[in-house]
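Protein chains in written order, with the UniProt record's numbering: chain A, 1 to 247; chain L, 1 to 152.
It is possible that some hints are incorrect.
[Claimed, not checked] With a cut-off of at most 25 Å between alpha-carbon atoms, the simulated PhoX-like pairs for lysine-lysine come out as follows:
{"id": "1", "chain 1": "L", "residue 1": "LYS30", "chain 2": "L", "residue 2": "LYS78"}
{"id": "2", "chain 1": "A", "residue 1": "LYS102", "chain 2": "A", "residue 2": "LYS161"}
{"id": "3", "chain 1": "A", "residue 1": "LYS102", "chain 2": "L", "residue 2": "LYS78"}
{"id": "4", "chain 1": "L", "residue 1": "LYS79", "chain 2": "L", "residue 2": "LYS30"}
{"id": "5", "chain 1": "L", "residue 1": "LYS30", "chain 2": "A", "residue 2": "LYS102"}
{"id": "6", "chain 1": "L", "residue 1": "LYS79", "chain 2": "A", "residue 2": "LYS102"}
[Claimed, not checked] Not the full set, but computed from the structure, chain A residues with beta-carbon under 10 Å of chain L:
{"id": "7", "residue": "GLY19"}
{"id": "8", "residue": "SER123"}
{"id": "9", "residue": "THR124"}
{"id": "10", "residue": "ILE195"}
{"id": "11", "residue": "VAL198"}
{"id": "12", "residue": "ILE236"}
Hints were generated in silico from the structure; no laboratory data involved. Ideal placement from N, C-alpha and C gives every residue a C-beta, glycine not left out.
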Amino acid sequence: MENELLATCLLAGRIMIEGGSEMYRVDDTMTRIAQNAGAHSARVFTTPTGLFVGVDGPAAVQIAPVAQRGIDMEKVAGVNNLSRQFAAGALTLTQLHQALEKLDAHTPFFPVWLQILAAGLCSTTLMVIFAQAYDWFDMPLAALVGAAGFAVYYKVSRLTKLQFISELLGAFAVALFAWLGVRVGIGRSLNNIIIGAVMPLVPGVAITNSIRDMLAGHLLSGMARGMEAILSACAIGAGVAIIFRFF
Amino acid sequence: MPLALQVLVQVSFSYLSTIAFAIIINVPHKALNLAGWAGAAGWLVYWGLMQLATGRMLANLLGALTIGLCGIVFSRLKKMPVIIFNIPGLVPLVPGATAYQAVRALVLGDLDEALSLTFRVAMVAGAIAVGFLLAQLVAEMTYRRPAKKLKA
Numbered sequence: 001m002e003n004e005l006l007a008t009c010l011l012a013g014r015i016m017i018e019g020g021s022e023m024y025r026v027d028d029t030m031t032r033i034a035q036n037a038g039a040h041s042a043r044v045f046t047t048p049t050g051l052f053v054g055v056d057g058p059a060a061v062q063i064a065p066v067a068q069r070g071i072d073m074e075k076v077a078g079v080n081n082l083s084r085q086f087a088a089g090a091l092t093l094t095q096l097h098q099a100l101e102k103l104d105a106h107t108p109f110f111p112v113w114l115q116i117l118a119a120g121l122c123s124t125t126l127m128v129i130f131a132q133a134y135d136w137f138d139m140p141l142a143a144l145v146g147a148a149g150f151a152v153y154y155k156v157s158r159l160t161k162l163q164f165i166s167e168l169l170g171a172f173a174v175a176l177f178a179w180l181g182v183r184v185g186i187g188r189s190l191n192n193i194i195i196g197a198v199m200p201l202v203p204g205v206a207i208t209n210s211i212r213d214m215l216a217g218h219l220l221s222g223m224a225r226g227m228e229a230i231l232s233a234c235a236i237g238a239g240v241a242i243i244f245r246f247f
Numbered sequence: 001m002p003l004a005l006q007v008l009v010q011v012s013f014s015y016l017s018t019i020a021f022a023i024i025i026n027v028p029h030k031a032l033n034l035a036g037w038a039g040a041a042g043w044l045v046y047w048g049l050m051q052l053a054t055g056r057m058l059a060n061l062l063g064a065l066t067i068g069l070c071g072i073v074f075s076r077l078k079k080m081p082v083i084i085f086n087i088p089g090l091v092p093l094v095p096g097a098t099a100y101q102a103v104r105a106l107v108l109g110d111l112d113e114a115l116s117l118t119f120r121v122a123m124v125a126g127a128i129a130v131g132f133l134l135a136q137l138v139a140e141m142t143y144r145r146p147a148k149k150l151k152a
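Throw the hints in and build the complete structure from the sequences for me.
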């Protein structure tokens with residue numbers, strides 16, 4: 001009973017961190033699952049790279065490492081939903097564990113073509129918003145470049161576990177295609193196009209979340225996530241800078 | 001360009017970009033539309049304040065506060081976690097483009113520019129985070145207990 005409880009808590013926490021949830025929500029959900037299963041004195045300690053959970057009384061603590069972190073809101077929403085159902089008594093602990101395992105293995109995802117299309121739309125609209133120039137002429141190129149950059153990023157991230165490499169190559173593709181497009185004459189402002197087109201890749205949200213984690217008292221999580229965000233920013237900056245250096 | 005048209009472009013483009021980003025980070029279908037509106041509202045507040053020349057920090061803070069409040073209302077409506085609306089909603093505000101410009105300046109050897117841009121990233125991210133904390137404070141102050149009844 002205790003083992004299953006701890007394992008279920010850890011699984012829920014791991015899925016949430018992999019989905020990019022805030023730390024206090026991970027804490028909260030794990031504590032709530034434990035309380036609803038009858039362990040009122042559960043102790044939870046969470047970091048972005050590993051989780052600990054234990055209960056009072058028996059000397060039982062379990063840990064779970066978290067190997068990968070991304071942003072996948074479906075996972076966060078899924079765990080939240082299951083936790084609510086468990087709290088309402090619609091699921092038993094065993095059913096909750098099975099449902100979490102199923103969610104972990106098959107998270108529903110938007111089809112790849114739709115994501116690439118969305119990356120293009122995101123790039124072109126954000127370019128107009130950031131540049132504040134209402135430069136309609138650059139919009140088609142920004143959309144193409146953004147979609148192409150995201151496609152490269154997506155393909156490479158399927159091949160390697162090193163996120164740094166996929167971000168570097170994605171940004172490199174963005175800069176290369178943008179440069180070619182401007183050269184051919186279907187775009188004017190190289191700078192604006194690149195800024196728009198790297199937006200699907202840049203870790204702006206991660207930077208903000210890390211500061212928020214730190215302000216909320218999760219110092220360790222804030223530092224770890226901030227470091228991850230700085231590394232991504234460096235990868236993207238370097239990928240683009242290669243083009244500026246060479247041409 | 002007339003002001004009304006500018007506002008229309010700002011609202012529709014921030015709405016579209018938020019939804020597009022929400023698709024990239026796999027936000028559940030039924031939350032997409034509302035996440036888009038959270039993003040558009042936050043951007044409209046930020047853009048309006050920037051037009052009035054109130055300064056970048058205040059505009060970011062109030063923009064983030066707007067997104068946070070929208071997120072709280074929507075999350076209670078849809079019974080979903082707040083961040084599903086907050087994270088895509090933030091995308092127009094977030095200093096990702098500045099972070100990229102800072103690293104690019106660094107790699108190209110323009111250290112002064114890199115330093116000032118890095119500092120701006122930190123300040124803007126801080127302002128947004130404080131805006132969110134204020135929204136969370138409002139949420140905690142207005143938290144009604146009936147949600148607990150379901151759980152007992």
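*Kindly indicate which numbered hints from before are broken by the structure, ordering the numbers from low to high.*
Going through the list in order, the structure violates no hint and respects every one.
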